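So the protein sequences, as listed, match chains A and B. Quick note: the first sequence uses the numbering used here, first residue 1, plus one each step. Quick note: the second sequence uses the numbering used here, first residue 1, plus one each step.
Please keep in mind that the hints were generated in silico from the structure rather than gathered at the bench. Source: prediction; values computed, not measured. Treat the hints with caution; some may be incorrect.
Treat identical chains as interchangeable: a pair holds within one or across any two.
Claimed, not checked - Below are the BS3-like pairs computed for lysine-lysine, each with C-alpha atoms no more than 25 angstroms apart in a straight line: (1) K28 / K204; (2) K178 / K152; (3) K77 / K34; (4) K45 / K238; (5) K236 / K203; (6) K178 / K236; (7) K238 / K178; (8) K178 / K204; (9) K261 / K275.
There are 2 protein chains.
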Amino acid sequence: MKFSQKLDQAIIDNNSLLCVGLDPDMDKIPAGFKAEEHPLFEFNKAIIDATHDLVCAYKPNSAFYEALGDFGVHQLKLTVEYIQTYHEHCPVILDAKRGDIDSTNNGYSDFAFDYLNVDAITLQPYLGSEALQPFLNHSDKGCIILCRTSNKGAGEFQDLVIANEAKQSQPLYLEVAKQVSTSWNTNNNCMLVVGATYPEELKKIREVVPDMFFLVPGIGTQGGDIEATLGNGLRKDKSGLIISSSRAILYASSDEDFAEKAREKAMATRDEMNKYR
Amino acid sequence: MKFSQKLDQAIIDNNSLLCVGLDPDMDKIPAGFKAEEHPLFEFNKAIIDATHDLVCAYKPNSAFYEALGDFGVHQLKLTVEYIQTYHEHCPVILDAKRGDIDSTNNGYSDFAFDYLNVDAITLQPYLGSEALQPFLNHSDKGCIILCRTSNKGAGEFQDLVIANEAKQSQPLYLEVAKQVSTSWNTNNNCMLVVGATYPEELKKIREVVPDMFFLVPGIGTQGGDIEATLGNGLRKDKSGLIISSSRAILYASSDEDFAEKAREKAMATRDEMNKYR
Numbered sequence: 001m002k003f004s005q006k007l008d009q010a011i012i013d014n015n016s017l018l019c020v021g022l023d024p025d026m027d028k029i030p031a032g033f034k035a036e037e038h039p040l041f042e043f044n045k046a047i048i049d050a051t052h053d054l055v056c057a058y059k060p061n062s063a064f065y066e067a068l069g070d071f072g073v074h075q076l077k078l079t080v081e082y083i084q085t086y087h088e089h090c091p092v093i094l095d096a097k098r099g100d101i102d103s104t105n106n107g108y109s110d111f112a113f114d115y116l117n118v119d120a121i122t123l124q125p126y127l128g129s130e131a132l133q134p135f136l137n138h139s140d141k142g143c144i145i146l147c148r149t150s151n152k153g154a155g156e157f158q159d160l161v162i163a164n165e166a167k168q169s170q171p172l173y174l175e176v177a178k179q180v181s182t183s184w185n186t187n188n189n190c191m192l193v194v195g196a197t198y199p200e201e202l203k204k205i206r207e208v209v210p211d212m213f214f215l216v217p218g219i220g221t222q223g224g225d226i227e228a229t230l231g232n233g234l235r236k237d238k239s240g241l242i243i244s245s246s247r248a249i250l251y252a253s254s255d256e257d258f259a260e261k262a263r264e265k266a267m268a269t270r271d272e273m274n275k276y277r
Numbered sequence: 001m002k003f004s005q006k007l008d009q010a011i012i013d014n015n016s017l018l019c020v021g022l023d024p025d026m027d028k029i030p031a032g033f034k035a036e037e038h039p040l041f042e043f044n045k046a047i048i049d050a051t052h053d054l055v056c057a058y059k060p061n062s063a064f065y066e067a068l069g070d071f072g073v074h075q076l077k078l079t080v081e082y083i084q085t086y087h088e089h090c091p092v093i094l095d096a097k098r099g100d101i102d103s104t105n106n107g108y109s110d111f112a113f114d115y116l117n118v119d120a121i122t123l124q125p126y127l128g129s130e131a132l133q134p135f136l137n138h139s140d141k142g143c144i145i146l147c148r149t150s151n152k153g154a155g156e157f158q159d160l161v162i163a164n165e166a167k168q169s170q171p172l173y174l175e176v177a178k179q180v181s182t183s184w185n186t187n188n189n190c191m192l193v194v195g196a197t198y199p200e201e202l203k204k205i206r207e208v209v210p211d212m213f214f215l216v217p218g219i220g221t222q223g224g225d226i227e228a229t230l231g232n233g234l235r236k237d238k239s240g241l242i243i244s245s246s247r248a249i250l251y252a253s254s255d256e257d258f259a260e261k262a263r264e265k266a267m268a269t270r271d272e273m274n275k276y277r
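Okay, chain A solo, but in the shape it has when bound:
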């Protein structure tokens, strides 16, 4: 099924805009997992089993697996396979922020869509759409382009104002939003990454791009506000946001009750989002 359809269905089925970031860290997962053959995968399994009916998507970030080399990458594959075998209604977004020249992007596209078989991937805009064609050509897969990131120093380049004689000048992140929505999205498979930590910028991007889905990291540990995110980011149909939380859910408890506490935190977060829909 096409990513966007799978996502729409999961949002309805689970009445949820919450995406759980599967970012396991050997230093933070309960100590008992360290003796397992595949500690990251076993931890993820417990989190997935505890939250699969509360989320619209899962989002493993590749960096947390690559940190352990091939051993970690294998556990990323096991994680995606587990979701697809036991909770196949949940789409999986690979948060990988990739971007190279076109011939090289074929390799990353094979990693995401053949080896892992995820439903979507996050991508860097800096090389432009011509370079990203190997991803964009997968019309059934989601291509989620960094627009305004959630980090403190995001503005260094993203806020630079582009000179434009023909029309009003605007910052780079709005140029990215405009380009992606008007010329990259011919397969109707593009979305944007917009950090919850910048609600004013989120509002401006929503004004420029009324119909597109946004993947919104930055609530929870990073401090983004749920009410402002929903208020400024929702589409008119009360959807259009995939709001991601990782550490606040994964590490709600560091004890044996971590999965139960993760479920409680995920449910509370989902319900708080729904208050503002």
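Please build the complex by placing chain B on the supplied structure of chain A, with the hints as guidance.
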């Protein structure tokens, strides 16, 4: 040894600005390798043995290994280990074009500098220097930031002109060059990626950044011109360029003589570069 020292030494020892891109592709390597347990690694080994005295660095691109999942990533590790064991004078640049928020970049930094133990990595500028601190803080490792990429559509965002009342307006890629050289480089470990396919832009970047090393992809298959690259990119000391070629060397022949032909092509390429130094 610090990356920049290792690089300077290899340039002198091998009288070379040539960097060979170790980008093996299962569809292009000689058929005989496909029966090997680690075909990409065995192919790389033959290329490395045939070229190690002709290069200033090797540059494996992570995408070509990730395309095969954990099996490929393991062969990337074997490749880096092989260079460090048998040809330790050759620095290794991981071409990975990574970039995430700071806490996540710790994972990518562990992948590059702990798991693989490479000497340098290529990075995306879009999230700004605050996000890239986990890389930049490794003062002994090279951080090579995308400035002007070699692909046809590079200009979509990189050429956008930044409005600046205080001084002359300039395109985004020059803003990146300026920021990296004036404020990111406190550990003296930054370099820039500048495509050989854009000699005029290369000239402008060299004017703004007279002292920094540039990693220059785009000669060979991509069509960049060696004379123009050297003429516009060299520093006053006749160094300052790492000029990368992958496919033109790796696949100089598809027969059993591939390693011999790769050596001939690498030598001819190195010597042509030296004509213009």
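Exercise for the section: Just pull the numbers of the violated hints for me, sorted ascending. Expected result: Numbers 1, 4 - these are the hints that the structure violates, sorted from lowest upward.
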